[in-house]
Amino acid sequence: MNNAPNMHVGTVKRNHSGHEMFDIHEVLSVTVSTLDQYTMSRQYVKCSELLTILDRQYQFLTDEYNMLVQAFSTGEDPAHGTLRYQMTEHNDTIVYGMKPSQPKKPIHSMLEVKDEGISGHMLIMLKTLAGIRTVAATEATNPVVRRVLADSIPNCIEMAYEIFLYQNKNNFYQVPQLAEQDMVMMQNSFGLATNQPQVPRQPQDSPQTSKVIPMNPSSPSNPMIHRSH
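Residue numbers (UniProt numbering): 1 to 229.
Heads up, a few of these hints could be off.
Mimicking BS3-like on lysine-lysine, the simulated pairs with C-alpha atoms at most 25 Å apart in a straight line are [to be verified]:
1) 169 - 105
2) 46 - 104
3) 169 - 127
4) 169 - 104
5) 114 - 104
Pair by pair, the computed Cβ-Cβ distance ranges are [to be verified]:
6) 202 - 56: 19 to 29 Å
7) 202 - 98: 20 to 30 Å
8) 56 - 19: 30 to 40 Å
Derived from the structure by calculation, the hints contain no laboratory data.
We treat Cβ as the ideally placed atom computed from N, Cα and C, and that holds for glycine.
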């Protein structure tokens, strides 16, 4: 085993830590699984709106995948900078509350595949991808790879939110709420922090001095006093 340190300065093709290598492999593997899931699900989509979302996200995720592969394999900037995902759903129409619905259970045939399940799988994959991208970005030592990962996280969150909005308006994703008094209590359970923390000053150490206690001349312990019997 070679214990000599590898001193890499500047742009180096293999300027990656061991931990980063494993994390990036996981990110790329999950991205491939996500794209495969989109491809396998596409033929079963019945809603035209969901199909449009699926195709748009697939193209965007493919581009992000290629960017990360380029940055990871070369250590240099990819062909272009990170783009920003633009969803078409409006976030001002969220429906809160619960309505009675049929219990969910596993399907036993591809004939049972519905838009609710497909969009649910898409949401799960995007949430997973957002999480592992965040972890990998905090572990990356290569500056280019770190930036590509960090810039892609908001896009993953945006795509997941787009799926949530689609599911919510179609009653696939219901959003329960707390009672108003409980909500207000929790909202007000934290206060603002002060700008300057009041840090107590450490007392200065003073040199220890021996305190001389004068001896009482009449004290019996005074050796200079002669006791007469």
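When the structure is checked against the list of hints, which entries are broken? Sort them ascending.
6 and 7
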